[in-house]
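Undergrad: Here is what each chain is made of, one letter per residue.
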Amino acid sequence: MSHLLEVDNIVLRFGGVTAIDGVSFHVDEGELFAVIGPNGAGKTSVFNSLSQVYRPQEGDIKWKGSSIMGLRPDAVAELGIARTFQNIALFGQMTVIDNLLMGRHIRMKGNWWQNMLWKASKAEEMANREKVEDIIDFLEISPYRKMPVALLPYGIQKRVELGRALAMDPELLLLDEPAAGMNLEETEDMARFILDIREELGIAMILVEHDMGLVMDIADRILVVDFGKPIGTGLPEEVQQNPDVIAAYLGGDFVDL
Amino acid sequence: MIIFWQTLAKAIALGSIYAIMGLSFVIIFKGTQVLNFAAGALSMAGALFMSILVVDRGFPFLPFTNPLAPADGETAGLALWIVHLVIVLMIAALMGLVIERVAIRPMVGQPLFAMAVITLGLEIAIRPFNLDATAISGRSIGVPWGTETWEIGGAIFPKSYLAAVVAAAIAFVAVFFFYRSRFGVAMRAVAFDQEAAMAQGINVGRVFAIAWALGAALAVLGAIFFAMSPWPPAGTVSLEIHPIWVFRVLPVIILGGLDSVAGAVAGGLIIAIFEIFAGQYLSQWTSILGPGYSTIVPYLVMLVVLLVRPYGLFGTEEIRRV
Chain F
1 MSHLLEVDNI VLRFGGVTAI DGVSFHVDEG ELFAVIGPNG AGKTSVFNSL SQVYRPQEGD
61 IKWKGSSIMG LRPDAVAELG IARTFQNIAL FGQMTVIDNL LMGRHIRMKG NWWQNMLWKA
121 SKAEEMANRE KVEDIIDFLE ISPYRKMPVA LLPYGIQKRV ELGRALAMDP ELLLLDEPAA
181 GMNLEETEDM ARFILDIREE LGIAMILVEH DMGLVMDIAD RILVVDFGKP IGTGLPEEVQ
241 QNPDVIAAYL GGDFVDL
Chain S
1 MIIFWQTLAK AIALGSIYAI MGLSFVIIFK GTQVLNFAAG ALSMAGALFM SILVVDRGFP
61 FLPFTNPLAP ADGETAGLAL WIVHLVIVLM IAALMGLVIE RVAIRPMVGQ PLFAMAVITL
121 GLEIAIRPFN LDATAISGRS IGVPWGTETW EIGGAIFPKS YLAAVVAAAI AFVAVFFFYR
181 SRFGVAMRAV AFDQEAAMAQ GINVGRVFAI AWALGAALAV LGAIFFAMSP WPPAGTVSLE
241 IHPIWVFRVL PVIILGGLDS VAGAVAGGLI IAIFEIFAGQ YLSQWTSILG PGYSTIVPYL
301 VMLVVLLVRP YGLFGTEEIR RV
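As you go down the protein sequences, you meet chains F and S in turn. For the first sequence, the working numbering begins at 1 and goes up steadily by one. For the second sequence, the working numbering begins at 1 and goes up steadily by one.
The following block holds chain S by itself, in its conformation from the complex (with noise of 0.2 Å):
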């Protein structure tokens, strides 16, 4: 019983995760109707921000110290880490709209495959600054609470697993409420069709931007926590593992339909769960199985959802008038 009580908090924590990760693709599709293909390397480029400003005491590409950082030898506490998150989120907005600006707006009008294959050069395109920022492979995000755990009932829980559903509640509250508000609205106008939405009084220029600065803002909110214990590699955001990981969320948002916030959170619970359950659970004919077959089950439990529902499971149906 103590194994499944752990492997469930497991699961919810990824799960999390996965939500969060899965917001940020689907604020960034409801905004602009494109799959942001950089998300994996833009992320990484936040994370790799947050070492910088807590463990190194710099300041990304300026040659500041940052005069908020721990002193030498020490990390950072809790209030101190959380504020650095928030100075990280807004540097990651700022990327968002940077790039918003200068490669996604040019192309508005364009055929929305040309703006999905740009967003994959940005992910090429920004890789080789992480890859100068990580001399060696692996470096601390310089979490407050490391590796502690809470032991209830002889159970073992990570701090890390409670700090990532909290991460994921407060995301999910402000997209909820965001999307509710009139600003959401308009976004929601302008996935439908972005001509009309003009002749309705709104700016598709800021919706773009508002979704994108969002958008980078939780990725780089998920990559963050994903990076912490103990999740492989443990403390650390590495170059070999994040990118993938990325691309672990996209069965997520789609079993949970690609435009939806609900769908979002409940892809990743869902998906968190059956790989982690299968992880632990199955573990026994990995013989059979093979090593790491546990990445696979979230490509296997989309599948037999699409199979279902080819929308996902709170997806927007095409409604078509036969």
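Isolated chain F, as found in the complex (with noise of 0.2 Å):
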């Protein structure tokens, strides 16, 4: 059986600087994968290079068995892998329900003479409405429906970049440090969605975190990058427990604590 998503010893170099150093991994059909590691290691480059922002120069990356290296980054998205970022990057002078609306654009059909004899065009956007309202009220953000991104608080505004994501129906959703910036009752309320996200709606996702009791409490394997290089992947408890992570984590020198 092969794996939804499988990285395959990718390096990439900056110049001189190798950013990611033989770094594999996979991920399997609603699966909840953490990447963690000190700042620098490397984590949000390995997220550029699964939406192929950035092209790793050896290695594969394969989405269900086919390889993606070399599309362009819109057709990755269009694959179905949805990301946010770590600084959020919506649509600012737009509306929550227009940035949701923007997720739903790979998705909608209609071409420039329907969208100008109004008719089919107005029932496609009534049900992307729909399903954009869906995801409105299981984010709980209908407060802000109508209020330009850019005025809501910051913990709201991530909530919006993961309900956008949301929108493009993904399959794999790549989730770059959702909490944060944020408090513990912001963060709380982002894991619960998370977790929801996986229960209720199946998708798989990948996640790049700092807040490592979050990553501990809610991912199923994780993989610790350090330099580029990987230096620990499994389940939360064996990650823990590995001195090579706690080495980066807290420095060589102390690793008897």
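What you were told as hints is all true, and nothing was included just to trick you.
List of simulated lysine to any residue pairs, SDA-like, C-alpha gap at most 20 Å: (1) LYS131/F x ARG182/S; (2) LYS146/F x GLU318/S; (3) LYS146/F x GLU317/S; (4) LYS122/F x PHE183/S; (5) LYS109/F x ASN203/S; (6) LYS109/F x PHE183/S; (7) LYS109/F x ARG180/S; (8) LYS122/F x PHE176/S; (9) LYS62/F x HIS3/F; (10) LYS146/F x THR316/S; (11) LYS109/F x ASP169/F.
What the simulated footprint calls covered on chain F by chain S, stretch by stretch (three residues with Cβ under 8 Å from a Cβ of chain S suffice, anywhere in the stretch; the number is not a length): (12) 69-81; (13) 84-96.
Beta-carbon label-pair distances, calculated as ranges: (14) ALA123/F x THR295/S: 45 to 55 Å; (15) VAL108/S x PRO38/F: 24 to 34 Å; (16) VAL308/S x ARG145/F: 27 to 37 Å; (17) ILE124/S x ARG55/F: 28 to 38 Å.
Don't read these hints as lab results, they were simulated from the structure. Ideal placement from N, C-alpha and C gives every residue a C-beta, glycine not left out.
Join the two chains, each given in its own frame, into one complex according to the hints.
TA: Structure (structure tokens):
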């Protein structure tokens, strides 16, 4: 049986800097996989390689058994790989609803003369709007529906971005630090939503996160990277016991702690 | 009163041409966040193609004769002229595509300022071609109605006025529906955030390409209608006046809001009304105001509006959380 996503030994270099050095992992359907590591370890580079914003020089990335290396980022998105960004990338002037509808964009079929003549497009728009409203209810952001997202609090913006990714009907969701900069309550909310997405929608996820508590609590399996190299993969408990991981996080001299 | 109606008609006609040119700037700005400083040379090249096709019976850059061209010594009829107009617009769109591919696409992700300077470089790079094509200044573009006019109740209206209004209306409707289409939505998303748009499955490269193709075609359309009588240089496209004229559209788009389709049209009409009426009704003070004072009116109007509405009349305000 082939995996949903398979990353095989990818190497990404920027000039003399090797940002990713031989990372391999796989994600199965409905799985919640986490990538952790110290600052600058190459976590976001892994994400950017998955969505082909960066092109790894070596290795292979397979989606449902076929390689996605060399595809354009928008083509990757169309396959069903949606992502959020570490520093929120929403369409600031648009309302929450419009942002989510933007996520539906690739699922819309109408062409320009249909848009012009209205009727067919109207039905399509209604269907998509319904889908968007479901997501808004799901993420509990209905009070903000018609506000421009640039005006919303940070935690809510993060949720809107998650909603926009969900609107794309993805099969794999890449979440880049979904809880960064959030307070305890917002982090707990976010954890709840992530678990709900997995349970109710069955979408596989890859999570990059700094909040160790969050990752250990919700992830099925964890990959730890440091200086672009994988230093451990496994269940949360295994990773916690891994001496290399402890060294990377606490510093080599204090392994005994 | 006759003078008033004639002045109004002239203002609306000029406003229509400003609007077409404004739409060209707006669409490129909207798609790529860059002001196209190459609009002058680009649009003039297109107008010259028109002249080569219709008057010289040739073909730009290629040693063919134009099989569709009117017979020697005759000017093209209306239908034939419009066919040629469409051909020229297609060539213009092609030029836009080539420019985008060669000079703009490699700059994706680079600072916008660098891209703007590249368009300025393009302006200078395209000009020599125009110079070659116009050995003598001023070339006819073979307008079928020439300098003919209608006379209604003593007032005289050149047919070119109506032509300009019709062209602007068609351009506006086309751009308006384009914006409401799926592709227009993609274009707006790219304008906000290229990376985020990419993550939504939008092909940013294609948005850039289409913005340039459409922008170039609109610029050429504006240039061709500007070159008609009775604006100077009547019925011809001229190397001296044309590039200067294009940049008189800048106050138009700034007034309307750089990224607004409706703004380009409204801005064009407002600016033209002020410009033409000032030219007509303040002419007894020319000794004080100086000759050609009406050409600075657009900039004055723009200044006043920007003091009240810094984003222009219809521009997108930047929303910031405080």
